[in-house]
Structures are given as structure tokens and as C-alpha cells.
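A.B. asks: Could you build all of it, start to finish, from the sequences and the hints given here?
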Amino acid sequence: MNLQRIVALAWKEWREIIRDRLFFALAFVVPAMLMLLFGFGLTLDVENLPFAVVDYDKTAASRDYAYRFISSRYFAFQGYAADEHDVDALLADNKVRMVLVIPPRFDERLGRGEPAPVQVLIDGTFPERTQTSMGYVAAINSAVSLDNMAHALSRVRGIPLPEARQRVQPVKLEVRYLYNQSVKSIWSLAPKLIMLIMMLSPPFLTAVGVVREKESGSIFNIYSSTVSPGEFLLGKLAPYVAISIANAMFLWLLATWLFGAPFKGDPLFFAFATVLYVICTTGIGLVISMLVQTQVAAMIVASIVSIIPAVLYSGVLLPLPSLSPAASMLAHALPPMYYTNIVVGCFLKAVSWHALWLEVLVLAAYAVGLFGLGYLLFTKRPKS
Amino acid sequence: MAGSALVTQTMSAPAIRVEGFIKRYGKRVAADGLALTVQRGEIYGLVGADGAGKSSLMKAVAGVLAHDGGTVEVFGTVIDSERAAEKVKQRIGFLPQGLGLNLYPDLSIEENVDFFGRLRGVPGAELAERKNMLLGMTRLDAFRSRPMRQLSGGMKQKLGLVCTLIHEPELVILDEPTTGVDPVSRRDFWAILGKLLEEKGITALVSTAYLDEADRFHRVSLFHEGKVMGEGTPAELIARVPGTLALFRAEPQADALPRLKAQFPQTEAMGAWLRVFAEGLAPEQALTAVEASLGTHSPPVGSNSFDHNRRSADRGRINSLPRQADTASLPLVGSNSFDLGWESTDSGRVNSTPRQADTLPPQGCLTQRTIRLSDWFAREPELEDVFVAMLRQRGARLDTSLPADAPAAAPTSTLAIEASGLTRVFGDFRAADAVSFAVPQGEIFGLLGANGAGKTTVIKMLTGILKPSSGAGRVAGADMRSAGLAIKERIGYMSQAFSLYHDLSVVENIRLYAGIYGLDDRRARQRSDWVIGMAGLAGFENDAAGRLPMGLRQRLALGCALVHEPRVLFLDEPTSGVDPIGRRMFWDILFHLSRREGVAILVTTHYMSEAEHCDHLALMFAGRVVADASPEAMKQELITSAGQLLELRVDRPVPAQNALRDAGFANVALHGRAVHLLSRDADTDRERLPALLDKAGIAVQSVGLRPLSMEDVFVQRISALEEAGRRPA
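Going line by line, the protein sequences match chains A and S.
Our numbering applies: residue 7 is where the first sequence begins, and numbers increase by one.
Our numbering applies: residue 73 is where the second sequence begins, and numbers increase by one.
Note that these hints are calculated values from the structure, not bench results.
Only a predicted model underlies this, so the values are computations on that prediction, with no experimental measurement involved.
Only pairs whose alpha carbons sit at most 16 Å apart, straight line, appear in this in silico EDC-like list of lysine to aspartate or glutamate:
| # | chain 1 | residue 1 | chain 2 | residue 2 |
| --- | --- | --- | --- | --- |
| 1 | A | K389 | S | D140 |
| 2 | A | K190 | A | D51 |
| 3 | A | K389 | S | D152 |
| 4 | S | K272 | S | E242 |
| 5 | A | K101 | A | E90 |
| 6 | S | K99 | S | D140 |
| 7 | A | K389 | S | E154 |
| 8 | S | K99 | S | E297 |
| 9 | S | K299 | S | E91 |
Quick list of the computed label-pair ranges, beta carbon to beta carbon:
| # | chain 1 | residue 1 | chain 2 | residue 2 | range |
| --- | --- | --- | --- | --- | --- |
| 10 | A | Y381 | S | L557 | 56 to 64 Å |
| 11 | A | L9 | S | P727 | 42 to 50 Å |
| 12 | S | A263 | A | R27 | 36 to 44 Å |
| 13 | S | I588 | A | L264 | 50 to 58 Å |
| 14 | A | F30 | S | A701 | 45 to 53 Å |
| 15 | A | I310 | S | K99 | 23 to 31 Å |
Far from chain A, by Cβ distances over 12 Å, these chain S residues were calculated:
| # | residue |
| --- | --- |
| 16 | P86 |
| 17 | E91 |
| 18 | G225 |
| 19 | K272 |
| 20 | E363 |
| 21 | E490 |
| 22 | R595 |
| 23 | D660 |
| 24 | R752 |
Here a beta-carbon is modelled for each residue, glycine too, at the ideal position from N, C-alpha and C.
C.D. replies: As C-alpha cells, this is what we get:
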């Protein structure tokens with residue numbers, strides 16, 4: 007190992023990244039931009055779902071029932087419709103996603119103690135959202151029913167309303183949300199975005215950075231000199247690792263300051279794990295760069311190899327336990343899942359070494375394995 | 073110590089020894105049993121077309137490519153593994169192919185040099201010293217902080233050389249360092265390289281696609297399709313295929329060409345001239361044989377047909393041939409208008425005196441099939457002639473299936489292409505500046521110039537792709553600014569990249585172009601057959617275009633540009649990378665098109681030797697046309713203004729070059745072991761120069777006149793312009 011050569015390589019690479027506009031943007035602008043776009047764009051909370059009401063009954067009871075929905079923060083009331091035919095167009099245009107149809111004699115049936123059917127029309131094009139909104143509808147509906155029952159009981163038995171309420175629902179849920187008290191999805195999303203972006207950016211940068219030397223022919227300067235493969239990899243990749251670490255720090259700032267995610271864990275532990283993860287993802291780029299010959303191929307392979315595990319098998323969108331056994335195995339075989347556990351643990355759960363040592367170990371193994379593979383694949387006397 | 077024995081052994085080993093070298097890429101065999109030996113201190117050349125195997129061999133020698141068979145030995149070390157290659161890499165400098173491609177475009181000149189120096193572990197003080205020396209020598213030191221991407225082709229090439237030499241290697245491997253660089257920079261490059269190698273005692277392995285650069289080397293290997301066709305000094309190689317190279321006029325030229333081709337396959341039309349390599353014939357035999365094949369021998373006395381012995385005496389157009397047996401070479405004769413140094417170089421003395429001669433009187437054809445021969449010159453062949461002859465001996469064929477007896481196109485004076493004051497401004501850069509020239513129907517017109525001189529801009533304006541800022545271009549009588557589709561159908565265009573679809577077959581490519589030009593089915597079929605016949609593609613009809621050899625692919629691209637029978641043809645660097653056989657066939661086709669079918673052809677090329685195929689040349693420099701004449705006229709003008717070309721073979725070329733410069737010769741260039749210079753008074757100089765050099769302790773083996781090449785013309789003109797540009801106005 008000759009330090010002068012490593013420094014020369016790293017210094018050259020650094021200057022090239024800084025001076026090449028495209029590379030500069032890829033290195034410093036794209037990660038932050040992704041964070042902003044995903045952070046503001048990808049919210050999994052279903053709120054303000056537009057809806058309309060068709061009230062054929064037009065009584066106090068029916069208005070009261072509708073009002074329960076109108077006053078909910080999960081629904082955004084768009085107005086009353088005269089009849090069902092009017093709402094078809096609204097649903098088709100996405101003006102409303104849900105319609106509540108209250109039939110005639112709603113009040114009368116309730117008064118008589120007969121079943122009073124209410125029709126709910128929900129846009130099913132987006133199953134995730136449909137399920138969630140259906141849950142809201144059912145919850146509001148049962149709250150209304152229970153309330154009505156409690157009122158009736160209180161009237162009939164002459165007992166006070168609170169007691170009547172307690173009688174109709176003897177089992178009462180006491181929910182405490184842990185780690186994310188207000189159940190804001192951005193709190194959990196922002197840390198996971200650090201994982202996602204640090205899975206995309208370093209492999210892309212590294213693979214393109216190495217392959218462009220192959221494509222231009224400047225790699226022959228390396229091949230024909232006495233630089234050892236180790237010196238080359240260290241010098242060439244050091245700037246990419248450094249840039250990615252800086253990016254991870256900046257994303258952390260965005261997550262905590264801009265998106266308000268709490269950071270409860272040990273900063274030192276988090277920094278250590280993040281550096282390890284960045285080395286690991288840089289290693290993915292290195293291995294890709296050894297296997298392809300053109301920048302276009304490098305970009306395509308890097309995108310596929312990084313986006314799919316980062317989005318599907320990391321737990322950012324779907325909880326891991328709900329994956330199929332095969333998918334779960336795949337998730338366990340890829341690094342993003344482990345770092346997801348680390349970021350979520352550090353941001354929300356305030357856990358550290360004792361809970362996450364296995365994850366750190368796996369990432370370390372990955373980093374060593376990927377760089378080892380890159381080292382083995384690198385030859386200064388290739389076949390073609 | 074055991075090491076010292078090893079050292080003495082490696083000290084005595086040749087710099088490079090290659091035997092039975094084989095390299096395959098998949099199924100394709102790039103090098104098939106190559107062998108060569110390079111001695112220390114030699115400048116060794118690998119000469120051949122693209123795909124001949126030069127790069128594979130050079131990379132293997134540099135230790136950056138694993139080969140499949142044979143032995144590669146560098147400084148006595150067998151390169152058979154990465155570990156073995158590492159042992160010699162510090163002693164090697166490698167410049168890969170592609171102008172400036174191995175440099176870092178975002179780094180400045182100085183940063184590039186520093187990077188290479190540090191990469192090679194050159195200590196700081198030495199690095200600074202060498203950098204100053206090399207940048208000074210290459211005249212790059214004024215641009216130290218300029219980013220490499222903003223350098224001209226010539227500067228990139230020199231920077232590449234500096235970076236390759238910064239660690240003072242004992243062996244430099246330079247892969248096509250001069251391809252695509254203008255002749256002035258190229259000459260400069262050879263001068264710098266020659267000087268550095270001589271001073272430092274460096275061995276060099278250099279490849280080139282230009283056969284006319286072979287005389288820059290001490291020894292060369294001729295490469296063709298993965299095999300070595302011959303190895304030796306350029307003179308030895310030329311001597312390997314004895315014969316005579318003849319240049320003459322024959323009227324009508326278009327009738328003479330097929331008759332000559334029947335007997336001399338290596339016959340080419342060079343503008344108004346014919347160039348014949350008569351293999352195995354002495355000069356006078358060549359003349360007899362040429363006359364015989366033209367049907368001009370033993371004509372009835374007093375008839376109108378040509379009789380050189382009688383008529384030349386009184387008309388002076390063809391000089392009589394002395395039949396002395398004492399000289400193997402033909403006493404060369406010629407009119408003053410073409411005394412460009414043609415003589416037999418082995419005699420070392422002028423054995424002919426230029427005589428006063430008439431210029432060719434404008435005479436019509438006497439009878440339909442009578443061919444008149446005039447202005448006969450003969451000399452020893454050039455390396456390219458010998459190379460082509462070698463390839464022919466191995467079965468390469470030069471004939472195309474063009475109808476030889478097609479009627480010659482009636483001469484017309486219609487202008488096919490007319491540029492008048494064409495100007496194109498990009499920002500404050502004048503890419504083309506008041507460019508004017510005219511090309512009559514049936515003429516081959518060459519546009520010469522370095523990369524960035526404005527050739528492509530002019531072609532784009534003439535084909536209507538680019539709007540001129542001012543001025544007008546007329547093609548086939550229509551102004552290109554207002555011309556619509558109709559005019560475009562009269563134009564054929566073939567770009568440098570051979571715009572073919574590589575995954576389509578030959579026939580599919582032709583049919584596609586036929587479709588684009590709106591040919592109906594019947595005509596498309598007819599033209600398709602014509603293209604296949606013309607390009608010699610029979611048997612390849614269903615092969616993918618991308619898998620064809622370069623020469624065939626080039627002729628297919630030409631065929632596609634001709635599928636709609638255009639009257640005007642634009643060719644942008646059409647022969648880059650094609651082997652000499654392919655280039656010859658290509659020019660044959662162009663000649664046929666211009667002479668038989670009356671097509672006007674505008675061609676750009678960076679092969680200076682090819683410029684001589686053109687009837688007329690325009691030389692572009694910095695967006696302007698700086699010369700516009702026939703090749704002979706340009707050469708003649710150079711002789712008038714700067715003198716004739718003298719070649720001195722000497723024992724120590726670099727000191728000889730310096731001594732001659734000190735003696736006041738401005739244009740002294742190194743060519744391997746010889747020095748070339750322009751002399752205003754050739755007769756006196758060839759007498760006095762040996763004595764002059766003898767005083768400097770340099771032995772002169774021979775002095776002789778050399779024919780001027782278009783490169784000489786180009787370099788002279790551009791240097792004068794650059795000189796004028798540097799001088800404050």
C-alpha cells in the first residue's frame with residue numbers, strides 16, 4: 007500500500023466529481039431532492055377522504071348520522087347529492103371517493119328498533135386506501151350505534167348516560183401508542199427514507215464512476231501502472247464513501263428538522279451503523295462495476311439491484327412479517343432490512359447495541375463480502 | 073548474487089519478443105499467430121487497418137490484456153500472468169487508442185500530468201522538473217491550467233504523450249497516437265517523439281493506420297486480419313515485391329482504366345492521372361506492358377495513334393527512353409509541370425534532366441477507341457503498393473463488378489455543388505467563414521482540413537441540415553435554404569459512422585433506404601441488385617450489417633447512399649479505419665460513379681494520400697478555404713514557393729536534423745533513419761549537404777529527391793498560416 011498513490015487517485019476522483027456537473031448533481035443534489043420528494047409525497051396516512059351524502063330521509067336522525075362523518079378528520083365533506091345517479095359522475099371523476107346513502111324511513115326504522123340499512127359506496131381502485139377508509143366508516147358507524155343504544159338504555163332504564171354507555175360496551179380498549187405517539191407515518195417514513203436513498207445513491211454513483219473509466223479507456227492508466235488493486239479500490243472509492251456519509255448526515259438533518267421525526271437513540275451508534283451501511287451499498291456499486299462494461303448497463307443494473315430490495319424487501323412500505331415466506335427469506339438475505347431495523351430503532355425506539363448488534367454484524371459481513379468480491383473480480387489484465 | 077545473473081540476462085534480452093500470439097474475443101480471432109521482435113532503442117511500427125490485431129498485441133505487451141496463446145516477452149520477462157506483468161509495468165508507458173480518451177477531461181493539463189506522475193510514484197521534485205521539460209518541449213506550458221476537454225486534437229495527443237512519458241519508461245507503447253490528428257500536429261508529434269526517444273534511449277512500439285507513416289519507423293510489421301504480412305525496415309519491405317510504380321496520363325482515362333486493370337490489378341485513377349503498380353517489371357518493361365495493354369504499341373507509322381519513340385522526339389510530350397542496360401532504373405522524364413521528385417531512389421542521383429515540354433494540347437479523341445499515353449513517370453513502389461500486392465498474393469481480390477464498358481458520361485459544365493460565401497457563426501465562433509467553391513457534375517472534389525476546420529459544418533449547410541448564417545449553397549441548381557424534399561432526393565449522403573442498422577441484414581438495410589427514398593417495389597429490387605453487385609456483397613445478402621468486415625460495411629453504406637441514384641454525393645470521412653484493399657475498391661467505385669455516371673462527389677478525408685484521388689481539392693483552415701486547386705497544382709506551387717523535397721539517409725538522424733536546422737533549413741522532418749527537407753536549390757544542396765553534415769560528424773548514406781505528398785503541401789500551407797496568425801498584424 008502506497009499512500010501517495012491512494013491520495014493521488016482519491017484527489018483526482020474528487021476533482022472530477024466536483025467539476026462534472028452531472029456527477030456533482032448526482033452526488034450532492036439528487037439524494038436531498040429524493041428525500042424531499044418522497045417525504046412530502048409518500049404519506050401513508052388516509053385523511054381528508056372526499057365524500058358526499060345522499061340523504062333520502064332528511065330527518066334530524068339522518069342529518070345527525072351524516073354529521074358524524076362530516077365532523078371526522080378522516081373525511082372531507084363535499085356536499086349533499088339529490089340522488090344516487092348524481093354521485094356516479096362524482097365517483098367517476100374522483101371528486102369523491104366515498105358516498106353515504108341514507109334510505110327513506112331511516113329515522114322511523116331506528117325509532118321502531120328495526121334494522122336501518124345505510125349504503126356505503128367506496129372507490130376500490132386503491133385497495134390500501136379502500137381498506138383504511140372502510141375501517142374508518144365501520145368505526146364511526148359502530149360508535150353511532152353504540153351511542154344510540156346507550157341513549158335508549160338510559161331513557162328506558164332511567165340510568166345516567168355514562169353508566170348506560172358503560173353497560174353497552176363493557177370491554178373498553180385502552181390504547182397507548184408506543185414509539186410514535188401520534189401515529190404519524192412521516193415519523194417512521196423519514197428514517198426509512200434515509201435507508202432507501204442510501205441504498206440508491208451510493209451504488210449508482212460508484213458503479214457509474216468506475217465504469218466510465220472503463221468506457222473512456224482511462225482505466226488503462228490503472229491497468230498499465232503498478233498501482234495494486236487494493237490501492238486502486240481504496241483511492242477510487244474513498245471519495246464516494248465520503249460523499250455518501252456526508253449525504254447520510256444531511257438526510258438525518260432533513261428527517262429530524264424538516265420532517266420533525268424524533269431521534270431518540272445513540273448518535274454514535276447510529277453514525278457507526280450508517281458508515282457501515284454506506285460502505286456496504288458502495289460495495290454493491292463496486293461489484294456491479296466489475297461485471298458490466300458500459301455506463302448505461304451500470305445505471306440499469308444499479309437501479310434494479312438497489313430499488314427493488316430497498317422498496318419491497320426492506321419494510322419501508324410493507325411490514326416484513328406480512329411478506330410471503332419466500333419474500334421474507336429474500337428480505338433477510340439483503341442488507342436494507344437490517345439497516346431499516348437500525349434506523350427505526352435509533353430514531354423511534356432509542357435502542358442501541360444490545361438490541362441491534364446482530365444487524366450491525368450482518369452489515370459488517372456484507373461490507374467485507376462485497377469489497378472482497380470486488381477485489382477478486384478486479385483484474386489489471388482482463389480477457390477483453 | 074543470483075539476481076545479478078538475472079539482470080545480465082534481462083539486460084541483453086530484446087525489449088519485446090512475441091511468438092505465436094493468439095487472441096480471441098468470443099468466436100472472433102483478433103490475432104492469429106503474430107510474431108515479432110523489437111530491439112532496444114528501436115522505433116517499431118505496427119501498420120494495419122482497424123481490426124488487424126494491432127491493439128490486442130499492444131495491450132498484451134503492456135500487460136493489460138490476457139491473451140489466449142503464444143509467448144509475449146518484455147525485457148526478458150514472460151508475460152503470462154498478472155503477477156508477471158506487474159514486474160515490468162514500471163518500465164513501460166502505455167498510451168491506449170483514442171485521442172485523449174485516457175486523459176481526464178475535467179482536470180487541467182497540469183493536474184493530468186501530476187496525476188500520472190503520482191500514480192507512477194515519481195517524487196515531487198523530479199516530477200516538477202520533468203513536467204517543465206516535457207510541457208516546454210510540447211509547447212503546452214502556456215496552457216497548464218486549461219481543462220483537458222478544451223484542448224485541440226493535436227494538444228490532447230501531445231498531453232497524452234507527456235503523461236505516458238512522465239515516469240521515464242524504457243519502453244513506450246503508443247496505440248494509434250496520430251489517428252484523426254491534423255497533419256501539422258502529426259508531424260510535430262513525430263518530431264517530439266523522435267527527439268525524446270533518441271535523447272533518452274527509449275524503445276517505442278507504435279501503431280498507425282496510415283501506411284504513409286511507415287517510414288517514420290526503424291522497422292515495421294504489416295498487419296492484416298490478425299496476421300503479420302511482413303516485417304522489416306520500410307525499404308526491405310518495399311524490396312520484397314519488386315516492380316515499378318508508374319504514373320501517367322492516358323486519354324480517354326475512363327477507357328484506359330478497365331484495359332489496364334485487366335492486366336494490372338493495382339491500377340488506380342488519381343484525378344486526371346493513372347497510377348499503375350507493375351509487379352515484377354523493370355521500368356522500361358512496365359512502359360512496354362502498359363502500352364501493350366492500352367493497345368498503343370507498334371502502331372502504323374504516320375497513323376494518328378500514339379508512338380512514343382517518334383512523336384516524343386518532335387512533340388516533346390513523351391520523352392524517349394534510353395535503353396541503356398547500366399541502370400536498373402528508368403531515367404525519369406517529365407514535363408516541367410510535374411517534376412515532383414520522381415526518380416529511382418536506389419540510384420541516389422538524378423538520372424534524368426527535366427526537359428522543356430509542351431503542356432498537353434487540348435485534343436479531342438482521334439478515334440473512338442484510341443488511347444493516347446503521355447507524361448510517363450516511373451519509380452519504385454510505395455509501401456502501400458507492396459502491401460496490396462502482398463495481400464493479393466494471399467488471395468485478396470480488388471475487382472468490383474462494375475460494368476467496365478459503360479459509356480463515359482458526357483462532359484458537362486453544369487455545376488453540381490456551388491458554395492458562395494457560406495458562413496456559419498456559433499456564438500462568437502465562426503465555424504465556416506465565407507466558404508466558396510464549385511464542383512462541376514462528374515468531378516471528385518476533396519475537402520481537406522483538420523478536425524474542427526469546418527468541413528462537416530460546410531457539408532451540413534450544403535445538404536440543408538444546417539442553415540447558413542450568410543451566403544448560399546446551391547446543390548443540383550437549387551438553393552439549399554429554400555430547397556424542399558425534391559432536392560434532397562437528388563443528394564446522397566454517407567456519414568463517417570456508416571449510418572447502417574447493424575441488426576438488419578444487408579438486403580434489409582438497402583430496402584430500408586429504398587423505402588425512405590420512396591422507390592417502388594420494382595425499382596427497389598433493381599437497385600438492391602445493383603448495390604449488391606457494385607459493393608461485392610453477393611453471398612452476404614442475409615448477413616447482419618454489423619457482422620460484415622469494415623470494407624464491406626463501408627461499401628454497403630455507400631450503396632445505401634446511392635440507392636436512389638443521386639446526382640450529387642456527399643461523403644464525410646468515408647474511409648476511416650478501412651484496410652488498403654477496401655480503400656482501393658472504394659475509390660474505384662467513386663471513380664466509376666464520377667466518370668461513367670457523371671455523379672458529382674464531395675469527399676472529406678484525413679488520409680492525405682487519398683487526397684490525390686481527387687480531381688480538385690479545397691483546403692480548409694479555421695473555417696476558411698485557404699487553397700483551392702488540383703493536387704498537382706498545389707504541389708507545383710509548393711515547389712515554386714518552398715522547394716523540392718530532399719531525403720537524406722544518415723546514421724544519426726536527430727543530430728542531423730539539428731545541424732540542418734542550424735544551416736537554415738526551416739522544414740526538416742525525421743522519418744525513421746532519414747531526414748526530409750525542402751530545398752529551393754536541390755541540385756546544389758544534394759552536392760553540399762553531405763559535406764556539411766560530415767563536418768558535424770554525421771555520415772550521409774544517400775541523398776535523393778522524393779516526390780512531394782499532399783501531407784507536405786498541407787503542412788507547409790497550414791504552418792505558413794499559423795505563422796502569419798502568430799505574427800502581430
